[in-house]
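Turn these sequences into a full structure, and let the hints guide you.
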Amino acid sequence: MTSRYAEVYRSWQSDPVGFWERAAEGIDWIKPWDKAFDASDGAYGRWFKGGLSNTCYNCLDRHVLRGRPGQPALIYDSPVTGTKKKMTYQQLLADVVAMAAVLRDKGVGKGDRVLIYMPMIPEAVMAMLACARLGAIHSVVFGGFAAHELATRITDTKPKAIVSASCGIEPGRVVAYKPLLDDAIEQAAHKPDCCLITQRPQARADLIDGRDFDMTNLMAQAKTQGVDVPCVPVEATDPLYILYTSGTTGQPKGVVRDNGGHMVALKWTMDALYDIKPGEVFWAASDVGWVVGHSYIVYGPLLQGATTVLYEGKPVGTPDAGAFWRVISEYGVSSLFTAPTAFRAIKKQDPEAKLFQAYEVTELRSLFLAGERADPDTIMWAEDVLGVPVIDHWWQTETGWCIAGNPLGLGLLPVKRGSSTVPMPGYHIDVVDEGGQPQPAGMLGNIVVKLPLPPGCLPGLWNADDRFRESYLSEFEGYYKTSDAGLLDEDGYLFIMSRTDDIINVAGHRLSTGAMEEVIAGHGDVAECAVIGVADEVKGQSPCGFVVLKDGVVRSDEEVEKELIAMVRDQIGPVAAFKRVVIVERLPKTRSGKILRGTMRSIADGQEFNMPATIDDPMILEEIASALGEKGFVKSS
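Numbering (my numbering), first residue to last: 1 to 637.
Just so you know, these hints were derived from the structure itself, not from any lab. Mixed in with the good hints, there may be bad ones.
Unchecked claim - Calculated pairs, DSBU-like style, for lysine-lysine (alpha carbon to alpha carbon, straight line, at most 30 Å):
#  : residue 1 : residue 2
1  : K84       : K348
2  : K354      : K631
3  : K49       : K191
4  : K631      : K594
5  : K223      : K191
6  : K594      : K158
7  : K85       : K191
8  : K550      : K562
9  : K314      : K84
10 : K450      : K416
11 : K314      : K594
12 : K481      : K158
13 : K35       : K481
14 : K594      : K450
15 : K348      : K539
16 : K314      : K86
17 : K277      : K348
18 : K110      : K84
19 : K348      : K550
20 : K416      : K550
21 : K106      : K158
22 : K631      : K539
Since this is a predicted model, take the numbers as computed values, not measurements.
Written out as structure tokens, the structure reads:
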């Protein structure tokens with residue numbers, strides 16, 4: 001199939017507003033917009049101003065009314081509890097209406113905030129959609145988040161209600177949420193009117209009289225009474241949700257997503273980027289606490305009339321490295337979207353993909369990777385195992401959908417491993433130096449997006465307009481600063497190398513740690529790796545590589561370390577001054593799988609640091625410090 005990408009991208013360039021007006025025909029509007037794009041409104045303009053719609057209606061009601069009431073909307077698969085459940089569009093709508101009735105009875109209405117603190121259970125999806133139905137603004141906080149971090153978000157959003165569950169389930173342990181929630185409310189400057197708790201059998205919560213209520217019981221009562229809750233019309237520019245960026249310390253940074261542009265953009269991506277048809281099964285193996293969970297567990301697939309998978313488990317350990325293959329086979333998944341770290345974990349435990357042989361995955365057509373750099377070695381491994389296109393694409397919490405990718409629905413472009421391919425319509429990407437001057441093809445620099453941003457991207461931060469401008473718009477005039485570094489090659493392909501602060505300066509040479517990681521990941525014994533720049537009295541900074549080996553490697557660490565140093569010297573050059581390798585059992589990560597390079601750098605430099613709120617396991621930091629100490633690489637604080 002010849003790709004239509006160039007033709008479609010040119011059509012956006014020639015008529016950027018008309019392009020999105022045509023895309024907006026895929027959404028049901030209560031009232032058309034007065035102005036498709038108003039450049040005078042907000043920090044850079046607002047999309048579909050004056051239009052009225054409802055996101056819940058577009059996700060559920062219209063599919064029930066137009067022939068999909070009995071089609072599965074949501075597949076819930078929980079290997080940690082042994083639970084499996086399929087919900088049709090009609091069933092999911094009935095539960096969302098019941099939950100909306102409960103929220104409405106507790107005083108929640110249009111514009112009110114509802115904080116959602118939930119594990120990966122269907123009630124989390126219901127809560128998001130119930131808020132959208134009422135015109136309320138939801139803010140999902142990752143289940144199990146520390147009380148202090150949860151408290152800062154309660155203070156910032158000032159929710160009228162909090163929707164939570166009694167516990168979350170991790171491999172080998174139950175995490176009680178209610179004590180964390182109670183502690184957070186005690187710390188927060190704002191107190192919610194009520195807390196609505198889904199009781200799970202693994203650990204029931206004690207409810208506080210007058211404030212806490214059993215959500216399941218109240219929903220059952222609403223269904224018995226036959227309560228109807230119509231969709232509330234909201235402005236296209238009204239907020240749908242607030243999502244706090246991961247790793248935030250101090251004052252939280254709440255990304256705002258609007259209703260109208262968000263629906264238009266996500267619906268377009270389901271067709272043009274992911275090539276998912278109504279009725280097909282799409283699985284984003286993420287969490288509703290992250291932006292991927294918002295965009296592609298909940299809203300994108302349901303806007304399209306597809307079936308989405310809600311998975312309460314891990315890529316390994318629930319029960320083994322064949323977990324993903326089992327889900328794909330069992331439910332006929334057409335496309336999987338996950339983070340590269342998930343595949344690195346699978347590859348580490350089952351490098352020869354022996355567990356893959358037990359499953360039929362004939363329905364799978366594509367694998368999409370995002371959330372961090374997808375190193376070529378991981379991409380090639382996935383290609384060899386799955387035999388389908390493996391598509392790296394790049395986007396951010398702030399944008400809500402893909403900035404650069406390979407649009408499967410328009411026909412795949414030639415793949416360049418290590419590249420997220422080309423800009424999507426709506427995004428004009430430039431690479432500039434610190435002074436904002438364009439860099440030539442192949443030259444590393446700051447990746448920026450020309451304003452205005454397309455529909456679906458953040459119009460601002462919650463109650464922080466000045467901070468929005470300072471954080472994203474002020475440094476490079478006329479551009480959105482992505483804080484990512486990379487290059488555009490002579491064909492216009494984008495290569496994301498690292499976050500801007502992961503560009504290290506070694507004796508005056510600006511080097512990408514991502515490029516070094518790419519070399520190291522190509523070693524046959526390496527499962528995953530991270531390279532950071534540590535302080536160096538002579539060179540300013542010097543690189544240090546942290547490496548996790550594949551299971552079953554029997555050679556000595558020293559032998560592997562020497563080979564890695566030689567590989568980087570050979571492929572990047574002596575200028576990299578790569579001489580330090582630390583082999584560790586695991587890398588510190590956020591719950592979404594991003595490696596905590598900044599924290600590792602602080603440990604190596606002997607600096608004090610705040611424990612990252614999103615860290616998956618704090619004990620890993622002690623292991624990193626110990627490994628550095630054994631090598632003599634860590635400075636005393």
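Status of the hints after comparison with the structure:
no.	hint	result
1	K84 to K348	holds (28 Å)
2	K354 to K631	violated (35 Å)
3	K49 to K191	violated (33 Å)
4	K631 to K594	holds (25 Å)
5	K223 to K191	holds (29 Å)
6	K594 to K158	holds (29 Å)
7	K85 to K191	violated (35 Å)
8	K550 to K562	holds (17 Å)
9	K314 to K84	holds (15 Å)
10	K450 to K416	holds (24 Å)
11	K314 to K594	holds (15 Å)
12	K481 to K158	holds (29 Å)
13	K35 to K481	holds (27 Å)
14	K594 to K450	holds (27 Å)
15	K348 to K539	violated (34 Å)
16	K314 to K86	holds (20 Å)
17	K277 to K348	violated (33 Å)
18	K110 to K84	violated (34 Å)
19	K348 to K550	holds (5 Å)
20	K416 to K550	holds (25 Å)
21	K106 to K158	holds (15 Å)
22	K631 to K539	holds (20 Å)
When held up to the earlier numbered hints, the structure conflicts with 2, 3, 7, 15, 17 and 18 and fits the remainder.
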